[in-house]
Every structure is written in C-alpha cells, then in structure tokens.
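Enquirer: Use the sequences and the hints to build the structure in full.
FYI, the numbering for the sequence shown is 4 to 136, going by my numbering.
Please keep in mind that the hints were generated in silico from the structure rather than gathered at the bench.
Don't take each hint at face value.
Claimed, not checked - Using C-beta positions, here's what the derived DEER-type ranges look like:
#	residue 1	residue 2	range
1	133	6	42 to 48 angstroms
2	125	32	23 to 29 angstroms
3	22	131	19 to 25 angstroms
4	133	28	17 to 23 angstroms
5	118	17	49 to 55 angstroms
6	25	124	43 to 49 angstroms
7	71	33	43 to 49 angstroms
8	63	117	23 to 29 angstroms
9	23	80	32 to 38 angstroms
10	117	15	31 to 37 angstroms
11	74	106	35 to 41 angstroms
12	120	15	46 to 52 angstroms
Don't be surprised by glycine CBs; every beta carbon is placed ideally from N, CA and C.
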Amino acid sequence: GADEFIRQLEKGYETNLNKQYDPEGTDLSEGQWHKIALARALYQDHEVVVFDEPTSSLDPISEYEFVQDVKTCMANKTVLFITHRLSSVVDFDRILVFEDGRIIGDGCHRDLMERCEVYRNMFEVQASRYREG
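Expert: Dropping the structure here:
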C-alpha cells in the first residue's frame, strides 16, 4: 500500500507531497494518491467510509489490491464504494444500482445478474471487452 512507496521516497514520511509548496517535494501519481486516501481512511477510525470512483485511475492489479485492502481492512465498517467498474464490486455484500437518481437494483452480484437488467447489461459489456481481446 502507501507505506511501501512512501518509504522509497528520498525523505520518506517527511516528503512534502506537492512541488507547488516545496520544490524538493514530489508529485504523486493518481494511483499513489488513491493509496494515500485508503491509508488516511484506515487511520481515521470512522464507522462509515465513502470512496467515490477510487479505482478510476488505477491499473487492474492496483485496482484488485486496493479492493482487497478495503475488504480486509474495513470488514467491520460500512463502506460506500461508488464506481462504474463493476469488477471492483462483484464480491461485495450489497450492491445498489442507480438509474436517473433512483435505486433500481439491490443485492449481491449473483442476485443482480439474475434480476437487474441494467446491472447485467453493464457487467456484460465490461466483461466482453476482456473476452474479445
């Protein structure tokens, strides 16, 4: 996670994370910022944590690791994980599907694949990109 790449920075945890304020600082990638966000969420012991498109700029391996970290480290918390990348949520306990601001599907992945046409279609479109490649 974040600890691994932070320790590799020249000043480690003392590194300023913005060159705008410190010319000797560093600029992080989007993926590194996501890891920082997860670490901060874990450090602050909140009962409810909201992630809005947290894997949008992560490569598939980093996305998988991020989701596994969320599931492991936040197993006893309520996590709202807003995403369009459905591969991220297939193992989640409960998935809500929204359309035009309304909930149109509610359940686990298996239930939604059977009962929610919008979810099933979105999942199949995303999955087909891997099958056809």
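Enquirer: Now look at each hint and say whether the structure bears it out.
Expert: Hint check results:
1. Separation of residue 133 from residue 6 is about 31 angstroms and departs from the stated range, judged on CB atoms against 42 to 48 angstroms.
2. A C-beta distance of roughly 27 angstroms is found between residue 125 and residue 32, which places it inside the suggested range of 23 to 29 angstroms.
3. Range check, residue 22 to residue 131: Cβ separation about 41 angstroms, and the 19 to 25 angstroms hint is violated.
4. Separation of residue 133 from residue 28 is about 38 angstroms and departs from the stated range, judged on CB atoms against 17 to 23 angstroms.
5. Take residue 118 and residue 17: their Cβ atoms lie about 52 angstroms apart, and the range 49 to 55 angstroms holds.
6. Taken as a hint, the range 43 to 49 angstroms holds for the pair residue 25 and residue 124, whose Cβ atoms sit roughly 48 angstroms apart.
7. The hinted range of 43 to 49 angstroms is not satisfied by residue 71 and residue 33, whose Cβ atoms lie roughly 19 angstroms apart.
8. Separated by about 26 angstroms at the C-beta atoms, residue 63 and residue 117 satisfy the suggested range of 23 to 29 angstroms.
9. A C-beta distance of roughly 33 angstroms is found between residue 23 and residue 80, which places it inside the suggested range of 32 to 38 angstroms.
10. The hinted window of 31 to 37 angstroms between residue 117 and residue 15 is violated, with their beta carbons roughly 50 angstroms apart.
11. The beta-carbon spacing between residue 74 and residue 106, approximately 23 angstroms, falls outside the hinted interval of 35 to 41 angstroms.
12. Between residue 120 and residue 15 the CB atoms are about 50 angstroms apart, so this pair conforms to the stated range of 46 to 52 angstroms.
Going down the numbered hints, you'll see the structure goes against 1, 3, 4, 7, 10 and 11, while the others check out.
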